[in-house]
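J.: Here are the chains, one letter per residue:
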Amino acid sequence: MVKLTSMVKTSGCAAKLAPAELHRVLDSLPKVENEHLLGGYADADDALVWKVGDNLVCIQTVDFFPPMVDDPYTFGQIAAANALSDVWAMGASPAVAMNLMCFPACLDIDVMRQIMLGGLSKVTEAGAVIAGGHTISDPTPKYGLCITGFCSPAQVWKNGGAVPGDVLVLTKPLGVGIINTAVKAGFASEEAAATAVKSMTTLNKYARDAARELAVHGATDVTGFGLLGHCYEMAQAGDVTLRIDSSALPVIEQALEYADLGMLPEGLYNNMDYLKGQVEFPGGLRQSLRDVMFDPQTSGGLLLAMDASDAERFTETFPDGRIIGSVVEKKDYPLVVF
Amino acid sequence: MGESIVVDARGLSCPQPVIETKKAIASKPEALSVLVDNVAAKENVTRYANTMGYDVTITQEEDGYTLCLKRR
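Sequences listed follow chains G and H, in order. Going by our numbering, the first sequence opens with residue 1, and the numbers climb by one from there. Going by our numbering, the second sequence opens with residue 1001, and the numbers climb by one from there.
Don't read these hints as lab results, they were simulated from the structure. Everything numeric in this text was worked out from a predicted model, so none of it was measured. Ideal placement from N, C-alpha and C gives every residue a C-beta, glycine not left out. A hint or two may mislead.
Here are some, though not all, of the chain G residues that point toward chain H, as calculated from beta-carbon distances under 8 Å [to be verified]:
(1) Lys9
(2) Thr181
(3) Lys184
(4) Met263
(5) Leu264
(6) Pro265
(7) Glu266
(8) Tyr269
(9) Gly284
Some chain H residues judged to face chain G by a derived CB distance under 8 Å, without partners named [said to hold, decoys possible]:
(10) Cys1014
(11) Pro1015
(12) Ile1019
(13) Leu1035
(14) Val1039
(15) Glu1043
(16) Asn1044
(17) Val1045
(18) Thr1051
So here's chain G without its partners, still in its complex pose:
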């Protein structure tokens, strides 16, 4: 059986280009304006928002990456859960999807079939359909999807709506990037690997559904830029400061141990570099816990800003959800960890 991860240098959302480099390029491009375009990368939102009519917007996103697990079917599931997530992070429902596949000519074609079947299983669970795609030959396998979803304009959750007084809710535990690195190194326990896979294949649909009737002011999903990277985008977009309670963070237990063993993906250091000078940390914070906050998450959870009363209702109906902090008036630092 082929080990998919042995064919790649970086994997999952840790393969994302360093945010500092990416923003240098994006900021240098001409700004696109169109009366139908209600949001795009200028706002660092998770997906573009295109106004179709007065009562309907189209949400579109694309995501693909090299494998972070060896099993092709599981890889397909994770890639699909990750790509679909951006649509839920915008408050919409995915409708149609297209596959993006890069596949080595030397690999058994059944591996590609297994990846696509894994993707299909998650898109079907999401209530959407795969209706096309594109495949190219490439020495490094990669898979992902372009997803289109819809909702009414009033239902759109933006990155930038968090207001002082809100609390922050996170819907999945942190640490999958570190665990994936430990798996690659042969350092991880089977239990830790299984916990990470279960988290990465869980659709954010259920978290979105649980928050559907609540007043969500700001929303994003925690992926390649890590918890703090995505908190930073939310803070900047809303012109507020986010306070994060390090003792309240949900973390996959073994990730802290593996961080102490140097199992940190390269992307984690890129995230640290990107946020240099933007985060106030308390003295005496455990180094591995600080590491986890920068860990690139593959198919991570939703980060939601809402009233404290709504957050309590949410965590009752969605027990995996944790209140991890609050939103305050803008201070010297956009992010304050305590």
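Once you've looked at the hints, dock chain H against the given chain G.
T.: Same frame as chain G, but now just chain H:
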């Protein structure tokens, strides 16, 4: 004194430098050097060595870093 142990982890991406360091300290040497050429490898090998009971001294070189590991 035996021959000094040098792990050349330059050109390797994470987590490989830590794996190479792990192999080298399996015999619990008093001291060893690890050569790395990127920040992630420098930080990760340092974390690993500290957890395994080694103090680390880092010297910046033209082509990366030399990490000197000494058993506590």
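J.: Are there hints from earlier that the structure breaks, and if so, what are their numbers?
T.: Going through the list in order, the structure violates hints 9, 13 and respects the others.
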